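Residue numbers (our numbering), protein chains in the order written: chain R, 1 to 484; chain U, 485 to 1001.
One thing to keep in mind: the hints can contain errors.
What the hints assert, rightly or not - Mimicking DMTMM-like on lysine to aspartate or glutamate, the simulated pairs with C-alpha atoms at most 20 Å apart in a straight line are:
no.: 1; chain 1: U; residue 1: Lys755; chain 2: R; residue 2: Glu482
no.: 2; chain 1: R; residue 1: Lys26; chain 2: U; residue 2: Glu659
no.: 3; chain 1: R; residue 1: Lys313; chain 2: R; residue 2: Asp206
no.: 4; chain 1: U; residue 1: Lys885; chain 2: R; residue 2: Glu122
no.: 5; chain 1: R; residue 1: Lys478; chain 2: U; residue 2: Glu594
no.: 6; chain 1: U; residue 1: Lys540; chain 2: R; residue 2: Glu139
no.: 7; chain 1: U; residue 1: Lys755; chain 2: R; residue 2: Glu16
no.: 8; chain 1: U; residue 1: Lys628; chain 2: R; residue 2: Glu23
no.: 9; chain 1: R; residue 1: Lys325; chain 2: R; residue 2: Asp224
no.: 10; chain 1: R; residue 1: Lys24; chain 2: U; residue 2: Glu661
no.: 11; chain 1: R; residue 1: Lys339; chain 2: R; residue 2: Glu482
no.: 12; chain 1: U; residue 1: Lys628; chain 2: R; residue 2: Glu139
no.: 13; chain 1: R; residue 1: Lys419; chain 2: U; residue 2: Glu659
no.: 14; chain 1: R; residue 1: Lys24; chain 2: U; residue 2: Glu594
It should be emphasised that the hints constitute simulated quantities derived from the structure, not laboratory data. Values in this document were obtained by computation on a predicted structure and should not be read as measured data.
In case you want the letters, here they are:
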Amino acid sequence: MTTETLLSQQEAAIAEVLAAYPEKAKKSREKHLGVDMPEGVKGACDSTKSNKQTVPGVMSQRGCAYAGSKGVVWGPVKDMIHISHGPVGCGQYSRAGRRNYYIGTTGVDTYVTMNFTTDYNEKDIVFGGDKKLKAALAEIDALFPLNNGISIQSECPIGLIGDDIQAVAKGYKKESGKPTVAVSCEGFRGVSQSLGHHIANDMIRDEVLPDNSYKKDFVSTPYDVAIIGDYNIGGDAWSSRILLEEMGLRVIAQWSGDATYKELTIAPKAKINLLHCYRSMNYVVRHMEQEFGVPWMEYNFFGPSKTTESLRKIAAFFDETIQAKTEAVIAKYTEMTDKVIAKYRPKLEGKTVMLYVGGLRPRHVIGAYEDLGMKIIGTGYEFGHGDDYKRTKDELSGSTLIYDDTNEYELEQFVKRLKPDLVASGVKEKYVFQKMGLPFRQMHSWDYSGPYHGYDAFAIFAKDMDLALNSPVWAHTKAPWESN
Amino acid sequence: MQDVENIVNGQKLFLKPEYQDVFKNKKQFESSAGSTNPEKVIEVAKWTTTWEYREKNLAREHITINPAKACQPLGAVMAALGFENTMPYVHGSHGCVAYFRSYFTRHFKEPTPCVSDSMSESAAVFGGLANMKEGLRNCKALYKPDMIAVSTTCMAEVIGDDLNAFVIGARKDAEGELDGTPIPAAHTPSFVGSHITGYDNMMNAILQELNMVEEGVEVEKDNERINIIPGFESYLGSLKEVKKIASMFSDKIVMIGDHEDQWNTPAGEYKLFSGGTPLAVAKTARGAGTTISLQKYSTQATAKMIKGDWKQNYVTCNPIGLGGTDEFVMKLSELTGKPVPSELTKLRGQLVDAMQDSYPYMHGKKFAIWGDPDFLLGVVSFLVEMGAIPVHVLCHNAPRKNWEKEMQAILDKCTFKEECHIWGGKDLWHLRSLLFTEPVDFMIGNVYGKELYRDTKIPLIRIGFPIFDRHHLHRYSISGYEGALNLLTWITNSVLDALDEETKEIAKTDYFFDCVR
C-alpha cells in the first residue's frame, strides 16, 4: 500500500467513526483522532488532545487513579503490604492480574499477589472507617511481622466520606516506627489511571525519599544507577538489569518491579536514574533531580536497535571503561539478535500492526517491530499526555493513525477499515479481534509470556510475534463450505 | 503396622519403616546399587502453620485478606448480559468498568461489553446527572442496544445520586432517542453484599421494568408457563443443560437471564451482543404460573418481588449433584404434570452407575471448598453423596444465619459429620491457617486457591469462579445429571492424578503406580 492510499484510508476511517456519534461526543472525539507522519508538517502528535475526560457512555479502555497507584506504582513494592482501603471489589479485581514478578516468600516476607482490604460495609460508609483502618494496621503487623511498611490505597468512598487516612497513617507511623503511607488515589480523581501514577509518585516523594535510615550507611560507587519505571512484567526488569550489570554498572534500586522499601529510599544515592516508563514515573525522577541532584535519562529496551541505542546513551554518561564494556556487551548480544532477526524477519517482513496500550509502549515498541520488518500503521495511548505524543512523533516511520483514549467501538472500526495483520493491545480488546480471525498480542501482560525488555527478551518477542501471526489456527476461521 | 485410626493401603503402607526395613533386608542380597535409606527431611515448623497463628488469624476483625467474593456491580453486569441486545451501563467511573470487563474476559476468554458514564471529580461535586444524560445517548447511538441496564458504583451511591430521577431526566433530555428503550436501574453499592447481591438487584430491576403494568390492567396469565432464573452462574454448560432438561418437559419453560451465548461466541465475526432472553419474552415473565430460581441466595430480592408484587408461585431448586438434580426434575414434573421422561431416568441411571464405579476414590477423602453460597450448597451435597468429607466449607458472602443452617443440614448427612466445619464470612487467608492446622486431601475452589496449593501442597481442583489460569472449564456443566458426571470426573481423576504423582518415583514409591484402575 502506498503512503497516499494508507493516508486516505486512515482519514476515511476517522470520518467514518465520527459520523456515528451524537454531535457533542463527536466534537469531543474529533480532537483526539488524527494522522501523523514522521517529518514535515505538524500532525496529530502535535495537536491531539489528551489527558481529557472520557466521553460518557462508551466502552473506554481506561482505568482509574486507584489502578494507577495501587495496580502500577505501589503494588509491586514487594516487602510492603498495600491495603485496598474501601469496599471489597477494587482489590479483588486488581489482584494478581498484573505480572509484577518478584522473588520472596509470599505471605511471609513479600505480599505482591495478595489482596488486603478493609472491606467497607454500609456502617463504615455512614460512620467513617478511620478506627477500622487503624485496627487493621495493627492486625497486619501482628500477623505479618516481617513487613517493611504499609501503604493505604484509598478507593472512591474514602475521599467522598472524608475519612482522614493521612492522620491515621501519621499516627500509626509514630506509634509503630514503621513506614505507613496513605495514598489518596480515589478512583474518581482525574480522568484515568494517569493521575494515580502522579499521586503515587508524590507520596513516594513525601513519605519515602526523606527516610535516611538506609542512606546513612550506604557506600557509593561511581557506577551506581537505579532502574525507574520498570514493573518487571514477566521479568522485564531482570532482563534489563543483567545488561546494566554486564556493562559494569551497579543497579542499586529497581522501581517498582521486585522492589523493596529500602530500594525506594536509596535511589537518590544513584549517579543517574534510568527511566523506562516515562508516563508513570517522570514526576519522581524530576523531584530527585531537584532535591538530590540526581540526573535522569529515558531509555528504551524494546528491540535490539533501541536497546543498543539506549545502552550507548547510558554508557556515554559514564567513563571509557564502561563505554568499552558496553560495546563488548552490544557485540555479544548483537550476534544473537542478528540470528533472531535472520530467523524471524523473513516470516514477518512487511506485516502491519496497530497498537493501543498505555504508558510508554505505544511508542517504545515501534522499534522492536521495525527490527522485525513490521510496520506500525496506528498507535495511541489510553492515558497519555501531550509530552507522550510529542515523543511518539520521533518514532514514526510512515503515515500513522493516532488515536487518544480510543474506545472499543472506534478501535474495531479502525481495524476493520485498515486491516492490520496484527493488533497489539489489552485483554479487554483481545477476543474482539481474535473472533475476527486477527492475530493479537496483549501488550500489557505480554500475553502471559515475556519478558520483552532487553536483548534476551527480544528473542522471546520475535518468537511470540511469529507465533501470533503465523499460527495455523487463523486459517481455520472460515468453514470450508463458506464462500469468501 | 496399620494404625486403626488411619488405615492405609499399599501406597502408604509400604512407606512405613517396617516395610522399608523389609526392603532394606532384601536389598543386601540384591546386586542393585543405590541407597534405600534416604535422609529424612526435617521440616522447620513455620509459625504461620501453627495453631497459635491460626487463633490469631481467626480473631482478626478489621482486615480482610484474600477475599473469596467480589462487589455488587460485577453481578449486575452478568444479569444484564442475560438479556437480548442489552448493554450493561455502570453509573460511575470507567475504572470500575475496566475491572468488571477484565475480570469476566479473563474468566470466559471472551469480550465483555459494558459501558460507564465516566464520572470523575466534577461528578463527585455536582452529581452525575450530566454524565448520565450524555452517556445514555452516546451508548444508544454507538451500540444500538434494545435495553440499557443501569447499575451503580460505590461512588454514585456515596454521593447519593437519585438514580430513578436521573434516568427519567436523561430520557426527557434525549430528544426522543431513548424512547422505547427500557432503562432498568438498580442500586448496587459495592459496600453492601457481594457480586451475587448485585446480580439479584439488577435482575429484580430488569424484571420490574419490563413487566410494569398500569393500574387496573389485567396481566395476561399463562399458568403453564415457567420462568427459570439461573443466578450468578459462571458455568455456561450449566445454562445449556438446565434448558435441555426443561425442554424435555415443556416448551413453555423459559430461561430469564440467559447469558450462555454472550460468553460463547464463535470465531468468524465479532458481534457485541449474542443470545440472551428476548425482551418480548422477558416482558411476559409476570404472566407465568411459576418462577424457579436455581440460586436461592443470588435471587432474594427478586424472589420477594415475584412473590409479593407478581403474586406468582416461586420455588428454588439447586440442580447440582444427584439429589439437587432429582429435586429439580421432580419439581418440573410436578409443575408441568408430566411424568419424568425415560431419557432423564436413563441419564440419572448412567450417573449413578458412574458414581458407583468411582466412589472408592472419593469416599473418605477430605476436602476444603469455598465459593458462593448456592454453589457450595450444590457441590457440597454432591461430595456428601459420594462419601467424601467436606472438612472446611468456607463462604465469604453467605447470608450467615439461614445459609449456615441449610449447609449444616447437608453436612449432617455426611458419614463423618463431626469432622465438617462451616466457615461463614471467612476469607482465604483464614483458610490457609485451617489447612495447615487441620489438613485435607484436596481443595475445591477458584484460581486464588493456587496460592494455597503452593503454600500447603494440597492439590487444588478448579471448580468455581473466577478461573483465570486454566482454559475452557467454564464451557462445561456442573448442573443436571451430566453436570454431576463432570464433577465426578474432575474430582475422581484429580484424586487419581495425585495418586500417580505420589507413586511416580522409580524404585522408591512406585508400588501402586498402576495401569488399571
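* Asked: For this structure, which hints from the list above don't hold up?
  -> 3, 11, 12, 13, 14
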